[in-house]
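Residue-level listing of the chains:
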Amino acid sequence: MKQTSLQLAEFVGGTLKGRRDVVLSGVASLKNAGPADLTYAEEKFQGEARNSSAGCLFVSSGEFPQQTVVIVTNPKLAFARAAAVLLRRDSVATFIHPPEVVEAGAAIGAGSSIGAGCTIGEGVRIGEGCTLHPRVTIYPNVEIGNNVIIHAGAVIGADGFGFVRDRDVYVKFPQVGKVVIEDDVEIGANTCIDRGSLETTFIRRGAKLDNLIQIAHNVDIGEHTVIAAQTGISGSSTVGDHSVLGGQVGIGEHARLDANTIIGGQGGVLNGKHVRGGEVLWGTPVRPLKEFLEQQAHLSRLPKWIAEIRQKLFGEAKG
Amino acid sequence: MKQTSLQLAEFVGGTLKGRRDVVLSGVASLKNAGPADLTYAEEKFQGEARNSSAGCLFVSSGEFPQQTVVIVTNPKLAFARAAAVLLRRDSVATFIHPPEVVEAGAAIGAGSSIGAGCTIGEGVRIGEGCTLHPRVTIYPNVEIGNNVIIHAGAVIGADGFGFVRDRDVYVKFPQVGKVVIEDDVEIGANTCIDRGSLETTFIRRGAKLDNLIQIAHNVDIGEHTVIAAQTGISGSSTVGDHSVLGGQVGIGEHARLDANTIIGGQGGVLNGKHVRGGEVLWGTPVRPLKEFLEQQAHLSRLPKWIAEIRQKLFGEAKG
Amino acid sequence: MKQTSLQLAEFVGGTLKGRRDVVLSGVASLKNAGPADLTYAEEKFQGEARNSSAGCLFVSSGEFPQQTVVIVTNPKLAFARAAAVLLRRDSVATFIHPPEVVEAGAAIGAGSSIGAGCTIGEGVRIGEGCTLHPRVTIYPNVEIGNNVIIHAGAVIGADGFGFVRDRDVYVKFPQVGKVVIEDDVEIGANTCIDRGSLETTFIRRGAKLDNLIQIAHNVDIGEHTVIAAQTGISGSSTVGDHSVLGGQVGIGEHARLDANTIIGGQGGVLNGKHVRGGEVLWGTPVRPLKEFLEQQAHLSRLPKWIAEIRQKLFGEAKG
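Chains as they are written, first to last, in the working numbering: chain A, 2 to 320; chain B, 2 to 320; chain C, 2 to 320.
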C-alpha cells in the first residue's frame with residue numbers, strides 16, 4: 002500500500018525533513034534502495050546513508066540536506082512498522098488458493114489467506130487476517146487466533162508421541178487433545194506443533210517460532226517468547242512469557258521455565274528441571290552463562306594444569 | 002466405535018464395578034471427561050478420580066461407590082488399548098482423499114487411508130489398515146507393511162546423501178536402493194527416511210519415530226525401538242531392537258548399537274562406534290550415564306579445586 | 002539410458018576386459034547386481050567381485066577371466082559418473098506434474114521436471130535440467146540455476162526470522178530479499194532456506210545440502226560445500242567454499258567460516274566467530290580437533306586424578 006513520506010512520518014511519529022510528497026511503494030537496504038523505496042540507517046551508517054538513493058530514510062539524528070529523511074528515536078523499529086504498512090496487501094477479502102482441502106466444519110475468518118496445497122481439518126477455526134503459506138497442514142480441531150502467520154510445510158496438530166509399554170511392545174496412548182494458537186503468533190517453515198494427548202498444547206499471544214521446531218504434546222509456550230530454529234520442547238513442558246531460546250536447544254519432558262528465561266544455542270534442559278526466571282543459561286545440561294564460561298576456560302587449561310600439578314606432586318612428566 | 006462399560010471391562014480383562022450399560026464414545030482426561038468419556042486414574046490421583054464426571058474410569062484399586070469403574074492392574078495401558086477401540090473408524094474401506102497422486106503400479110491395501118495432498122510413487126506397496134495423514138510423500142518402490150501410521154509432511158524414500166569427490170567437485174553416487182517399513186510402525190510429522198544407495202533402509206516392526214527425524218541411507222532401525230524428535234542417524238548405521246533414543250541425538254556413520262541401547266537427549270555417537278547392548282549413555286561423545294554425571298560434577302567443582310590445589314602447591318591466588 | 006560395456010569404458014576412460022557388447026540398463030551393489038547391471042569393487046572386495054553376477058564391473062586392478070570388467074583408477078567415482086548416464090531419463094522436455102501451482106511470471110527452463118504438489122511463486126526463475134521432487138515450495142522471486150535437484154518438502158524463500166523489539170512485543174522486520182541457488186546444487190528433503198531480509202541468501206555452485214537443514218536469511222554457502230542433515234546456519238553467516246559441516250552442527254549469527262573449514266557433528270560456532278580456513282573443529286563451542294580430544298581424555302581421567310591429588314595434598318579420601 003503506497004504511502005507518502007509525510008504519511009509515513011506521521012505514522013511513526015517522527016520529524017520529516019525534506020520533501021513531503023515522495024511516494025514510497027517498497028523497502029530496501031541502504032545500498033539497494035531506489036527512489037520509491039524506504040530505508041533506514043543506524044547511527045554508525047550515517048556516511049552510507051548520505052550516499053543512498055532511497056526515496057526516504059529513517060534516521061535518529063544528523064543533517065541530510067540532499068535527502069528526504071524522518072528523524073525518529075529508533076529508526077530500525079520505525080522502519081519495521083512502516084514496512085508492514087507499505088507491504089500490506091490492499092485486499093481484505095478471504096482468499097483460499099486452490100488446490101487446497103478444507104474439511105467440514107472448518108471456519109476461516111475475514112481477510113485470511115490460505116495458500117495452495119494447504120489442508121485444513123474438520124472443526125478447525127482460523128481467525129481474521131491470518132496468512133497460511135502453501136502446504137501447511139492443520140489437523141482437526143485446532144484453534145488459531147487472529148493475525149497468525151504460518152509458513153510452508155508446518156504441521157499443526159499431529160499426534161503427540163505417547164505410548165504405553167506393554168512388555169516388549171508399545172501401545173499408542175490416545176492423542177485427542179487440542180492445539181490453541183493465539184493472536185499474532187508466527188510459525189516457521191516445516192515446524193511441527195503436536196496436539197495435546199488429552200489436554201491442550203498452547204502457543205500464547207505474540208510468540209515467534211522459527212523453522213524446523215518441534216513442540217510436543219501438552220507444551221505451553223508463553224506470550225512474546227522467541228524460539229530459534231531446530232529447537233525441540235518435549236511433552237508437558239512450559240516456557241514462560243518473554244523468554245528467548247536459541248537454535249537447536251532441547252528441553253526435556255515436564256520441565257518448567259519461568260518467564261524471561263534465556264537459553265543459548267544447543268543448550269539442553271533435563272526432564273523435570275525448573276528454571277527460575279531471568280536466568281541466562283548455556284550448555285548441556287544448562288548452567289548459568291558465567292559458570293559455563295568459567296568451566297570452558299578451565300577445561301581448556303586443564304591439560305597444562307594437570308601436567309604441572311602432577312609433575313610437582315608425583316614427579317611425573319606426563320598425565 | 003461406541004462401547005458399553007461392560008464391553009470395555011471384558012476387552013481389557015478388568016473387574017467392572019457400577020453400571021454395565023454406560024455407553025462410551027470418547028476418551029478424555031480425569032478433569033475434562035464427561036458422561037460419554039472413558040478416563041483412567043493412576044493410584045496417586047484417586048482423590049481427583051472421585052470428583053471426575055467420566056462415564057467410566059479405569060483404576061487399579063479403591064472404592065468408588067458413586068461411579069462406574071473398572072479395576073485393572075495397569076490402568077494407563079488398559080486405557081490406551083480401550084481408547085484404540087473407541088477411536089477406531091467404523092469403515093474398513095480403502096479411502097484415498099483427493100487431491101493426491103498415486104503413480105502407476107502402486108498398490109494400496111484394504112482399509113488404508115491416504116490423506117489429501119499425498120504423493121505415492123511408482124511401484125510403492127502399502128499394506129492394510131495404514132493411515133497416511135495429509136501431504137506425505139512416498140518416493141518410488143518403497144514398501145510399507147500393515148497398520149503403519151505416517152504423519153503429515155513425512156518424506157519416505159528420498160535420495161540418500163552420497164557423493165564421490167572428483168578433485169574439487171562432488172559427483173552424485175546413485176541412490177537407487179529401497180526403503181522397507183514393517184508392520185505397526187509410526188512415523189512423525191516432517192520426518193525423513195532416505196532410500197538405500199544400492200541396498201535397503203529398514204524400519205523394523207513396531208518401531209516408533211517422532212517428528213523431524215532424519216534416517217539416512219542403508220540404516221536399519223530395530224523392532225520396537227523408540228526414537229524421539231529431531232534425532233538423526235547417519236548412513237549405514239544400525240540400531241538394535243528395543244532401543245530408546247532421546248531427542249536431538251546424533252549417530253555417526255557405520256555405527257552399530259546393539260539391542261536395548263538407551264541414549265539420552267542430545268547424545269552423540271561417533272562414526273563406526275559399537276555400542277554394547279543394555280547400556281545407558283549420555284553426552285557427546287556418549288559415555289555411560291554414571292561416568293557422564295561424575296564428569297559433570299567434577300567439571301562444576303573444577304574451578305574451586307584447581308584454585309585450592311594451585312594455592313597450596315604454588316602459592317597462587319588465581320588459576 | 003542403456004549403454005554397452007564398451008560405451009561405458011570409453012565414457013570413463015578405462016580399459017575394457019571381456020565382452021564389449023554387454024547391454025547395461027541399471028546399477029546395483031556387488032551382491033545384488035544382475036546381468037543388466039553395472040557395479041564396482043574397491044580393491045579389498047576383489048574376492049566378492051569374482052562372485053558377482055553383474056553384467057559389468059568397474060575395478061582398479063586384478064584379473065577377472067570370467068567377467069566383463071573396466072579397469073579405472075577410481076572405480077567408485079567412475080561408477081558414480083557412469084550411473085548418472087545409465088539412470089538419466091531419455092526425455093529432455095520440461096515436465097510439470099499436476100496438481101501443482103505455478104504463479105504468474107514464473108519461468109521454468111527446458112528439461113526441468115516439477116513434481117506433483119509443488120508450488121512455484123510469482124517471478125520465480127528455474128533453470129534447465131532441474132528436478133523438483135513432489136511438494137517442494139518455492140516462494141516468490143527465488144532464482145534457481147541449472148541442474149539443481151530439490152527433494153520433497155523443501156521450502157525455499159520463506160521469511161527469515163527477524164523481529165525488532167518494541168518494549169515487550171516483537172515487530173516483524175521486513176523479509177523481502179531474495180534467494181539465489183546456483184548450478185549443480187542438491188537440496189535435501191524438508192530443508193528450509195530462508196530469503197534474505199533486505200539482501201540475498203546464496204547457495205553457491207555445486208553445494209550439497211542434506212535433509213532437514215536450516216539456512217537463515219542473508220547466509221552465503223560457498224561453492225562445493227557439503228552440509229550434513231539437521232545442521233542450522235543462523236542469519237548473515239558465511240561458509241567458505243569446499244567446506245564440510247557434519248550433522249546437527251549449529252552456526253551462530255554473523256559467523257564467518259573461511260574456505261575448507263571442517264566441523265564435526267553437533268559442533269557449535271558462536272555468534273560472530275571467525276574460523277580460519279583449513280581448520281578441523283569439534284565441540285561446542287568449536288575448538289581444534291586435537292584440543293577437543295585432549296580435553297575429552299582429561300575430562301575422563303579427571304575424577305581419578307583429582308582424587309589422587311587431593312589425597313596427597315589434603316589427606317582427603319574423596320573429592
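No wet-lab data here; the hints were simulated from the structure.
A few of these clues could be false.
One copy or two, either will do: identical chains are not told apart, so a pair holds if it fits within one copy or between any two.
As a list, the in silico DSSO-like pairs of lysine-lysine whose alpha-carbon atoms are at most 30 Å apart [to be verified]:
#	residue 1	residue 2
1	K3	K305
2	K313	K32
3	K173	K305
4	K3	K45
5	K274	K291
6	K45	K179
7	K179	K77
8	K179	K274
9	K77	K173
10	K77	K45
Outcome of the hint check:
1. K3 <-> K305: neither (65 Å within a copy, 63 Å between copies)
2. K313 <-> K32: neither (61 Å within a copy, 60 Å between copies)
3. K173 <-> K305: neither (53 Å within a copy, 45 Å between copies)
4. K3 <-> K45: within (29 Å within a copy, 63 Å between copies)
5. K274 <-> K291: Both ways: K274 and K291 sit 19 Å apart in one copy and 19 Å across, limit 30 Å.
6. K45 <-> K179: between (48 Å within a copy, 25 Å between copies)
7. K179 <-> K77: between (38 Å within a copy, 20 Å between copies)
8. K179 <-> K274: within (25 Å within a copy, 41 Å between copies)
9. K77 <-> K173: between (49 Å within a copy, 11 Å between copies)
10. K77 <-> K45: Intra 13 Å, inter 54 Å, cutoff 30 Å: intra-copy only.
In terms of the numbered hints stated before, the structure departs from hints 1, 2, 3, listed from lowest to highest.
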